[in-house]
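> Put the two chains together into one complex, using the hints given.
Chains as they are written, first to last, in numbering that gives the first Met the number 0: chain P, 0 to 546; chain L, 0 to 146.
These are calculated hints, taken from the structure and not from any lab test.
Worth double-checking, as some hints may not be accurate.
Claimed, not checked - With a Cα cut of at most 30 Å, we get these calculated DSS-like pairs of lysine-lysine: (1) P:Lys-498 with L:Lys-109; (2) P:Lys-494 with P:Lys-373; (3) P:Lys-435 with L:Lys-109; (4) P:Lys-435 with P:Lys-494.
It should be emphasised that the depicted structure is a prediction, and the values quoted were computed from it without experimental measurement.
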Amino acid sequence: MTVPLAEVNVEALSIFAVIVAITLAITYWASQRTKDAATFWAAGRGITGAQNGFAIAGDYMSAASFLGIAGLIFLFGFDGFLYSVGFLVAFLVVLFLLAERMRNSGKFTMADVLSFRLNERPARTAAALGTLVVAGFYLIAQMVGAGALINALVGINFSLAVIATGAFMLIYVVFGGMLATTWVQIIKAILLMSATIVLSIFVLGKIGWNPIDLFNRAEAQSDDGHAYLEPGLRFDNPIDTISLGLGLVLGTAGLPHILMRFFTVPDAKAARTSVVWAVGLIGAFYVMTTFLGFGARAILGEAGATGGVDEAGNLAAPLLAQEVGGGDGTIGGDAFLAIIAAVAFATILAVVAGLVISASGAVAHDVWSNVIRKGRDSEHEEVYVARIAALSIGAIAIAIAVAGGSDLNVSYMVGLAFAVAASANFPALLLALTWKRFNTTGAVTGVLCGVISSVGLVLVGPDVRSDPLIELTQPGIISIPIGFLGCILGTLLSKEEAKAERQFEELHVRSETGIGAERPLEGAGLAPRPRRPRPEVPAGTGVAPTR
Amino acid sequence: MATPGTVRGPAHHEEIDWERAARSPEFQELEGSRRSFVLPATIFFFCWYFGFIILAGYAPSFMGESIYEGFTVGYLFALTQFVMVWVLAGLYLRRANRVFDPLVRRVVEKTPGAAGYATDGAGTSPTDGPSTPRTGDGRPGDREVTS
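So that you can see chain L by itself, here it is in the shape it has in the complex (with noise of 0.2 Å):
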């Protein structure tokens, strides 16, 4: 390859123009309808699990106290944070799946070369797509054994 930065990690795709591709609409809707999801999930279980964290380094009488015989504050509130996993993990897959795959799968409708990428969990045939090398980046000698 000519530039040292494609040797051996994954391929480049040179054929794509990418900067048309992050300036589409399709592309800023995905990208602002993922961060309407994650910055607020992000912000909201940084401040649940460190506010658990805190009030566990500096506040440990509070939660050392009995809610009912003996099962305490901070015992319960370490429970929610397992509440809390799941529940933003389940509604993050049932967002992904109906929200962010459909766009996705438009940005790559509407990018020149994409076609066969888009998401579909049972992963993308290898024969199926655009000519792109399924393994290395074709350089010779990558499948054959040169020396």
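For reference, chain P alone in the conformation it holds in the complex (with noise of 0.2 Å):
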């Protein structure tokens, strides 16, 4: 069982072809429409809660999700698992606390929500600042993943599966604007999941279609036995574990390029329903890792790990649908390794392209725009410079991607995204949002202490010095209360804001009920939807319209 390291996989490489030329007509289709700054960043808010609800499955489960936690149920067992449960259960906060809200506070970017009754130049820097750090460590983390996974996958060279990803990212982002990017995430998810249960019932037919005979043959199969399906293999410390689980819950609900896709649909009852779909589907995925990563473990045992997987585990499942498809050299196990290569790819596209449309959000319209020009520019200018932020941020991400080469250290980056997200990010909304006596001073100095104190945790923690000064690995436990801290310190001790004060009550009654919420574009969305006869009613009159 060996990985076709040296020559190149043409089947995985004509799957490619087919999705890219698939996106590149969406991407143009998408690029005619793509005028306005609410159609770059918001898709004209025409989405359908059900299309959005796939692309925040497309955006959110990536290639860390697919191929990550099969190679961590496949190295760790029961500890890889717990990944999965976590990014599901982190839904629940995002459905209870952010979604409905951000559509209803929310223009394009998570900083307007923030900046909303705060002070506009402060107030948004650190949000764009929140959402930099985060988008910044995650899309180095997917690239350096593209760039090894191609490589072993097809046969590509490292640096060209980096440039190729990110030159595909980039076209996506600059020519089709969140449109475009909104739909390589729905068909990424249709893939992902397509791809997942194919591989699940492959597992389960190899297996005697006995689910229990999993964990058996998978525990049979480990060196560590019966502790393969016990906890602690990876994290031997409890308070990582739950550390962990922290950093997960908190922190799906600050990540930037899941709070913009609700922006994207045209109300709050359609933010709702897209999580609702989300949920559903991101938790049927994840309960499918169940198969791939002891699948992986039952199927291919040891020898997996000494013969073709990585260090990371990454190639567990690619491996896994080898074998189950017929074994190396066959044709059915190696058309079924070259469309989960091809699935991977899809799911890494389509992530990237999230992230760099909301670091673009970050840069040109919350600082460039809000910050920098005050608003004196015009919707042509924001979109222009939206562009341009892009192609810089992607540019940035792809040379540093090139630059470290794949033995860069990636591993920590995505859980490090979580954190900040966690610390920085989702207490500053959620104050903002709910409490009235919450200041400017208070979500500077929050975003600073969670940001600061996430990053610096991990800086001196066992996964980036060999001389750790704290041994923990996930630094959730301790960086997520010194957010909420710097949030609540900052806002008690300086002077209260009256302006701040008296706009929460817009906020908070916008924020619950919609009511001066941004509207969609006329005729976004694909299908023209049916539109219910209003009788017309005076603004301002108070009358209520029957329905």
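Next comes the structure, spelled out in structure tokens:
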């Protein structure tokens, strides 16, 4: 069982080419419609709830989920599955606390909500910082992962793979904006779900259709024996386990590229529906990681680890597909490997496109338009700057990934992105929406405390230093309280802000009811929506429209 | 715009009396109704999830005990998390559609200047609302390129 490291996998490349051709056609269609800022960043707010549910799933389930979790379960058994659980439970926080409020209050970026009632420039700058740090770490991790995976699976050189991934990502975002990004994510979600379902069925067939047998076989195939089915193989420190759980559950609610998706739907009801769709899809996927991870252990055994599966276990799922498809060298085995490789490629493209468009929002809409130009720029300029920003961010990420090479240690970066999101973005957003006294100083100190503490803890931790100052790989349990404390102390120790408290009522009512919310563009979306006749009500009369 | 805080972000609506809307019995009822679901549901899922995580951290051998032919306590506990998420999301969706949305509609009806902002899932048509511009905030130069 060897990975086709040297030779180029023509089958996988052909499937890549088909996926790329379809997504480029969509990008062309989207580029024809992307003329204004609301289409560039929010797809004209014409994405339906179900479409957005698929897009959220496509935006969220990175290669780290698909290949990474399968690999973590393959290597560490039960501890790998902890990720699957945390990634899903996180969506309850999003559904209950943020999805509808974000849609009602915001316009294009997370910073819109944070700065709604606070002092525009400092609050926006802080939110943009939080966005860029999260998107930056996440993006670099994905790009390096993309290069390494495509290199191993398809046989293309690492740098070329990174540049190709980056180039497609930039074409989608620069020309097609959020509209193209959304459809790339929807297609990816469909591909990922289909491939995972088929692979799970093959795995079940291979072990005789008894799912419980999967655990027994996996245990028998592991050198760790019964410990493989117990927690503790990856995290021997219980505090790390709890810290990881906290970071995953609160981090998702602070991921800028996920929050941005709620601006693409017509209203709060569609935002809510989209989370429920996403929860169904993402939950089904993470349940199936059982078949991918434990299945890889049961079917490939230790031989998988010494033979082809790399250190992080990222190749467990593709090798599993090859094995259940018939094995190395068979038509079925090679075809299945090629399909999984192509799905992994689509997965990476959809996630990096979402990350780049959210980062471009932070640079162009937040920093350029509102902080530097103070709103004096035209909408045309805003979109122009957004495209330049996306190009620059993409180019920087490509450069770092190519310069760092496949040896760059990115294993901690996705975890760090979640920790920063949970410690910097989530506390500030939640308090801006719910705490009247909250002020600009609190927001700025909170975001800074969250960013500095989570990045700092990882920099002195065992993932980065060989002589760690602190024996904690997951910073959440310390950095999340620091983020909240920063917000609260910063607020209480500074002067009350009359404007922030006065405008709190506006944000409060708006976020809960949608009164004053940004409206969808006319004609946005795919098909014309049936429009209910509504009696004309003159504004300000307070007369109830009859339904 | 007069205040720098409203330049290119979401448009503020000075024409609506937000203080009054926030104090209105309709809004209070909406908030109370929402809180009566979200608060207990959030407390429940936090306890259930962190109960699972804490046991995974501190009681690995208990979590590894077999319930049925190798199917472990820990794995069963993990599967209940998935069921919990689906059930709570479904309950929230139903409660929101049946209870919160009609309450939102009542707040909208009782708030002068808010007509046309009711949540109906199909998107409010931009043409039938109040006199709010649909994008930007109507600043000169918002649409046309001046430079």
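> Compare the structure with each hint and give your call.
Right, here's what the structure says about each hint:
1. P:Lys-498 with L:Lys-109: 25 Å, holds
2. P:Lys-494 with P:Lys-373: 25 Å, holds
3. P:Lys-435 with L:Lys-109: 23 Å, holds
4. P:Lys-435 with P:Lys-494: 13 Å, holds
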